[in-house]
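If you follow the hints, you should be able to join the two separate chains into one complex; please do so.
Listed below are the residues making up each chain.
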Amino acid sequence: MASQTQTRNPAFYALIAALVFMSAGPIALMLATSFKTNVDVYDASVSAFFFTPTIQNYETVLCNVLWYEPAHVDYCDPTFGRALKNSLIVGLISTGLTLVIGCMAAYALVRFRFMGRGTVSMTTLLMRMVPPAVLLVPVFGIWTFQFGLDQTYTGIILIYTAMNLPFVIWILQSFIVQVPIQLEEAARMDGANPFQVFFLVVLPIIQPGLAAAAIFTFRIAWNEFLLANALSGRSTRTVPVTIVNSITEYDIDWGVIMATGMLLAIPPILFTFVASKQIITGMTAGAVKG
Amino acid sequence: MSVAIKANRLTPYLFLAPAGIILIIALLYPIGYMVYASFLDWSPSQRIGQAEFIGLRNYINLMSDEAFRESFWVTIRFAAVVVTLEMALGVGLALLLDRNIPGMAVLRTVFILPMMIAPIVVGLMWRYMYHPTVGIFNRTLKDMGLEGIPWLSDSTWSFIAVVIADVWQWTPFIFILALAAMQSLPRSALEAAEIDGASEWQKIILIKLPLMMPVLIVTLLLRLIDAFKVLEVILVLTNGGPGLSTEILALRIFRTAQEFQELGEAAAMSNVLLMLLMAITIGMFAYNRVQEARAARQRAIAEKGDD
Chain A
1 MASQTQTRNP AFYALIAALV FMSAGPIALM LATSFKTNVD VYDASVSAFF
51 FTPTIQNYET VLCNVLWYEP AHVDYCDPTF GRALKNSLIV GLISTGLTLV
101 IGCMAAYALV RFRFMGRGTV SMTTLLMRMV PPAVLLVPVF GIWTFQFGLD
151 QTYTGIILIY TAMNLPFVIW ILQSFIVQVP IQLEEAARMD GANPFQVFFL
201 VVLPIIQPGL AAAAIFTFRI AWNEFLLANA LSGRSTRTVP VTIVNSITEY
251 DIDWGVIMAT GMLLAIPPIL FTFVASKQII TGMTAGAVKG
Chain B
1 MSVAIKANRL TPYLFLAPAG IILIIALLYP IGYMVYASFL DWSPSQRIGQ
51 AEFIGLRNYI NLMSDEAFRE SFWVTIRFAA VVVTLEMALG VGLALLLDRN
101 IPGMAVLRTV FILPMMIAPI VVGLMWRYMY HPTVGIFNRT LKDMGLEGIP
151 WLSDSTWSFI AVVIADVWQW TPFIFILALA AMQSLPRSAL EAAEIDGASE
201 WQKIILIKLP LMMPVLIVTL LLRLIDAFKV LEVILVLTNG GPGLSTEILA
251 LRIFRTAQEF QELGEAAAMS NVLLMLLMAI TIGMFAYNRV QEARAARQRA
301 IAEKGDD
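The listed protein sequences correspond, in order, to chains A and B. Mapping of the first sequence onto full-length UniProt numbering: residues 1 to 290, in sequence order. Mapping of the second sequence onto full-length UniProt numbering: residues 1 to 307, in sequence order.
Okay, chain B solo, but in the shape it has when bound (with noise of 0.2 Å):
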């Protein structure tokens, strides 16, 4: 950071202080609390110090359990397809987008309004349209004279169905950011490629999306880390059915430990899925510095070039 202001040594710690509190009591305790929980056999009416401690059964538990098996990787795969399909349109949307049309503004507060809207509405929302009868969409269908789509009672129906809510979602977020990263580019590089010919196609592959990807990269971790976090959409839509289609893992925590009543175990699944955002980030960072340096590189390079 640039600049700094002299002050007494203990100012900053008085600053930071109500902040430190809050976190370390509110959010880094229970997580200690959580790991240490993940070795006991827990239920809800028990004070954890009454649990038996059983070491790591928790989790080899887990580790045989299909149904958590299943589950893990159908958080992934949703993670997986949702953040691929919102990459790709909300980037493609940005590029479409980004010229001078008029209501531009308008436009873009019409696109943020799905992300502002309770992920439990816009889970019913989307359970209302994918009703068998009375949704829109299978009224639709048979107005044509077709016949209408089992959304939420088939598994692979399911699946979709809870992607698309996603994509509506969140869609907009990446379209949001990359439309801002591409508005400040640096007009002097298009303009030369103008110069030089390049047609539009050419300045969005080799010099839009290149310029850009640092930005493109910090939004795709964001959107992946808030990937794994969706649940109250899909706990309204489908409850994790069909059978368990739609049973991300954060969903998964949910019910064991709320029906299930099985709190050493939940406390397991969360610890592995807190592992797993961690791992990405980790690698996403480690990554994101490698292009860093890579692009100061080649601006040094390319700086050097023009003397």
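For reference, chain A alone in the conformation it holds in the complex (with noise of 0.2 Å):
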């Protein structure tokens, strides 16, 4: 640590506190308020974090994956539940494939000299760059059009696939190129095939790198609406897609509504928990890597 000023300022940790208020605030909030009845919500004597709480709204949300009958819900509907399923699919299968893919791209441009190396390793940084309200048009266009893929998981999956690959090439070249050269080295002359010095031997040692990366793809395939929004069908949709859906009314029911924001924002929430070192190491290799 690049300063040893131990400070012993009250006013220091009284900052400290101030910003952890800040950045978790708004969500202790969000959480607070889906369990609060929608009739506390508006009633301005009942406080915004020490109320009754219920699960009324959690019960509403995800009624037809409970396995009783919450007794408030007099109609279920089915869409949480399913766009739940479509999210974990989507999510999980592009995360899949992006990874393996990507990692094998990683590894050509790090390890071997080829004809047109500089320019595919300065397309796909330049492709990180694009937004996917400048992909929503044309994607929607071949998608529906061309490859008949809208409304099918593999549509959103492609996409998705394609948007965080990019990315994913990036940071893992960071990881590939710290890989002891020798290791790889040893196992060539043990007779192994590069395929099988790549999965075998470098693919292990990657593996905080994977998971960093595993993390920025799926938060993103699971956060993502609006590409989400253009391809998916009735029965495809997302959870962000159908939170959207659920607020063009000019009434909302922030109740509920916050009870499956939280939902969506649980998974995103665990990870940043369970791996903030590996989100930040990866944050760091992608953003310093040139």
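Everything labelled a hint here was simulated from the structure, so no lab data went into it. If you're wondering where the values come from, they're calculated on a predicted model, not measured in any experiment. Ideal placement from N, C-alpha and C gives every residue a C-beta, glycine not left out. You can trust all of the hints, since none of them are fake.
Partial list, computed: chain A residues near chain B (C-beta under 10 Å):
| no. | residue |
| --- | --- |
| 1 | A24 |
| 2 | T98 |
| 3 | I101 |
| 4 | T124 |
| 5 | V134 |
| 6 | T144 |
| 7 | F145 |
| 8 | T161 |
| 9 | L264 |
Cβ pair distances, simulated, as ranges:
| no. | chain 1 | residue 1 | chain 2 | residue 2 | range |
| --- | --- | --- | --- | --- | --- |
| 10 | B | A67 | A | A32 | 35 to 41 Å |
| 11 | A | F12 | B | A286 | 38 to 44 Å |
| 12 | B | P102 | A | I266 | 27 to 33 Å |
| 13 | B | A67 | A | A14 | 43 to 49 Å |
| 14 | B | M213 | A | F147 | 41 to 47 Å |
| 15 | B | A300 | A | A32 | 55 to 61 Å |
| 16 | A | M22 | B | E147 | 20 to 26 Å |
| 17 | A | N9 | B | I195 | 22 to 28 Å |
| 18 | A | L200 | B | L56 | 53 to 59 Å |
| 19 | A | F199 | B | E200 | 48 to 54 Å |
| 20 | A | F12 | B | Q261 | 53 to 59 Å |
| 21 | A | D77 | B | E200 | 54 to 60 Å |
| 22 | B | G148 | A | F49 | 16 to 22 Å |
Structure, rendered in structure tokens:
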């Protein structure tokens, strides 16, 4: 650590407390509201954080996945349960694909000299900056009219894989560079072919990098709205799309919406707590590596 | 790159093939398609072949379209304001927390939470907090006997509201990267400065910041590009309004395609946005190259001086 000054200043700790409050406060408020009835939300005399909690909102959202029938739900809307399943399918498959394919490409860019290497590397880097909004029109047109992939999982998974590849290739390169080449050479001497070297020697060593890349990829696929909205049909909608569809009405049921939001936020929050070290290493690698 | 493995000439291409195929069919081809589509009068119910070719008319329409020009400037303004604030706050925080404090790992985990949460959910959270009556801000203001703020219904406030939400979500990104860069600075330079009696401020201005510059520039570039990608938070918070006060380009593209069904015009806008981003990226890379060359020269001079 660069600076050795041990601060004993209470103002410093007050500042840190304020920062933590600012950063986690909105999330805590969302969590609190998800346990509030709508009556309590609109009642100014009920405190934002202190009230009688209820799990009704979660029961409403999850009614068709629950093993019992919640007493207060008159009509069970199966939308959310289905969307949750879709989000999982799309997120997991696209993450797996992106990792395998991206890792192989990153390895080729780091370890082999070949014609067109510079061009490939530069193109990949430039593709990282393409915003999803730019892809909206052409991907909708191509998927609908040429590939016939609209409203299918394949269509969404394909575009998420493509969107995440440049970033994954980029950050994995900086992990692969650090693999001692002697290990690879030794494996080659023992008669392993390049693919065996890659899968049996390199992949196990770069596991932390793979974890970081997996989290970033899954997070984007899990959180993405725009393209999922354009490409999914009734039965393939993901959670972000169903959330936006449910807030178009004038009157918002804040408790239910916040419960849905919490359910969407829980996986990324869990990842952050379990793997914050990998996330930070991944971010740093992704940014610093040129 | 340092070391390479000798292999069959075809091996690298085999490793690259899957990524190449996917990137070509799902990214490069769509971008080419978009450029072509921007010359068409095309609605979502038509196949692209049935759309009428209208040359540059979409672009001419855009240039004479007051609303498009406005949303172009809203985008520039938004990106400039959020990136400036986030850089200042993020680097400032990193300078402040770059010391041995217990629980740093936990702090960093808490600080990266905002950027992990879905933009849609971030939008919802802030929309709830900005709510005129039940929102936490106006409730607190009213409890203090003050008047509530028309967060999302006044054009000035709505821009501020959108900026605050983005700063909340993305300052941590700058903070983490700046902190990482700071903690990997060569200790010898800082110790030398301490021996020479440099103050905290002098160390920051004369040593830490200049040494971190290359990382800070890349960080700035990444954040700047991502600021042009922001869409969901604003869609949920204000849907571009009131008026056009928060209608950034990405959102306008979405609405032109979705609500107005003008795919050709949306493609033309997409093209403008992409050109803008490309110009920024190339410009920043060129600048970075110059900076790196200068840093290398300075390092060479410094080493010579040491002899």
